[in-house]
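A.B. asks: Now for the letters of each chain:
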Amino acid sequence: NAGVTQTPKFRILKIGQSMTLQCTQDMNHNYMYWYRQDPGMGLKLIYYSVGAGITDKGEVPNGYNVSRSTTEDFPLRLELAAPSQTSVYFCASSYGQGNTEAFFGQGTRLTVV
Amino acid sequence: AQKVTQAQTEISVVEKEDVTLDCVYETRDTTYYLFWYKQPPSGELVFLIRRNSFDEQNEISGRYSWNFQKSTSSFNFTITASQVVDSAVYFCALHAGNNRKLIWGLGTSLAVNP
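Quick mapping for you: the protein sequence lines, in order, are chains P and Z. Per my numbering, the first sequence starts with residue 1, numbered consecutively. Per my numbering, the second sequence starts with residue 1, numbered consecutively.
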C-alpha cells in the first residue's frame, strides 16, 4: 500500500523558475493538504482540498497554486520561485476534515537559489 | 483563539531515562481532538495518537504513554526507558470545532544519547 507519494524528493530551482510538486494518494481520502516546514517553525498550511474540484487557502498561500482534478492527485505549483520558498514541503491526506489521522508523504526538499 | 504550545524546544536525555514532552492547548470549543506526531531524522511525519475531548483516560502503548488533563489544558507525552530510536521531533496538534485544519505546535526535538 503506497499511501501518500510525493515527487520529487529534492529539487534546486533558480529564482524565477517554475515547478510542480506532485502528490498522489491511494487511500481514497477526500481531504488533502500541502504544508511547508521551515526550521524551528513547525508546519504551516499552504493549501488544502476537501474533495475533487474544491481547494482553499491555508495560512501561507502566496506564491503557490493548487488544483484537485481527481481524488488521488493534489499537485502544488510554484510559478515564480523565490528564495523565501526554500523549505521542506509535505503533502498529506486524511479521511476526515482534520479530526482524523493524517498520512504524510516523505517530503520534498526545495532550495531556491 | 486556538493554539498549541510546546514550550520545550529541545530535550536531551541519556538512553533508558524517562522523558516527558509537554503540550498545552487553547480552544473554546467543547469538542476537539488532540494529536501527537513523530518526525524522525528521515523526515516523514508519523501519526502516534489521537484523543477526543470527551475521553480523558490516559493511554499507554508500550513505552509510550499520554496524559490528557482538561483541567490544565494539557496533553503530555511520556516515553519510558527512552531509546536512541526515539530521537525525533515530536509535534502536538489540535483540531477543534468546525475548523477544517489542524493547529500545530512548533515541535520538541528529542535527542536520546547512548
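It cannot be assumed that every hint is accurate.
As the list claims (entries may be wrong) - In the BS3-like style, the derived pairs of lysine-lysine whose C-alpha atoms are separated by at most 25 angstroms in a straight line are:
no. : chain 1 : residue 1 : chain 2 : residue 2
1   : Z       : 3         : P       : 9
2   : P       : 14        : Z       : 70
3   : Z       : 70        : Z       : 101
4   : P       : 9         : P       : 44
5   : Z       : 16        : P       : 57
6   : Z       : 16        : Z       : 101
7   : Z       : 16        : Z       : 70
8   : P       : 57        : Z       : 70
9   : P       : 44        : Z       : 16
10  : Z       : 3         : Z       : 101
11  : Z       : 16        : Z       : 38
12  : P       : 9         : Z       : 38
13  : P       : 57        : P       : 44
Claimed, not checked - Here's a subset of chain P near chain Z, in silico, CB distances under 10 angstroms, partners left out:
no. : residue
14  : 50
15  : 69
16  : 71
17  : 75
18  : 102
19  : 111
Just so you know, these hints were derived from the structure itself, not from any lab. Glycine is no exception: its CB is placed at the ideal position from the N, C-alpha and C atoms.
A.B. asks: Next step is simple, just say for each hint if it's right about the structure.
C.D. replies: Do the hints match the structure? See the list:
1. Z:3 <-> P:9: 31 angstroms, violated
2. P:14 <-> Z:70: 49 angstroms, violated
3. Z:70 <-> Z:101: 21 angstroms, holds
4. P:9 <-> P:44: Measuring from Cα to Cα gives roughly 19 angstroms; hence the hint holds.
5. Z:16 <-> P:57: Violated, at about 44 angstroms.
6. Z:16 <-> Z:101: Answer violated: residue 16 of chain Z to residue 101 of chain Z is near 36 angstroms, above 25 angstroms.
7. Z:16 <-> Z:70: 29 angstroms, violated
8. P:57 <-> Z:70: Distance ~31 angstroms between residue 57 of chain P and residue 70 of chain Z Cα, so the pair is violated.
9. P:44 <-> Z:16: 34 angstroms, violated
10. Z:3 <-> Z:101: Holds, at about 12 angstroms.
11. Z:16 <-> Z:38: Within the cut-off at roughly 19 angstroms; holds.
12. P:9 <-> Z:38: 19 angstroms, holds
13. P:57 <-> P:44: Roughly 11 angstroms between the alpha carbons, so the hint for residue 57 of chain P and residue 44 of chain P holds.
14. 50: It holds, given that the least Cβ distance between residue 50 of chain P and chain Z is near 7 angstroms, below 10 angstroms.
15. 69: 20 angstroms, violated
16. 71: 17 angstroms, violated
17. 75: Hint violated; residue 75 of chain P Cβ to chain Z Cβ min 20 angstroms, cut 10 angstroms.
18. 102: Where the cut-off is 10 angstroms and the nearest Cβ of chain Z is about 7 angstroms from residue 102 of chain P, the hint holds.
19. 111: Because about 15 angstroms separates residue 111 of chain P from the closest Cβ in chain Z, which is outside the 10 angstroms limit, the hint is violated.
Hints 1, 2, 5, 6, 7, 8, 9, 15, 16, 17, 19, counting from the list given before, are not met by this structure.
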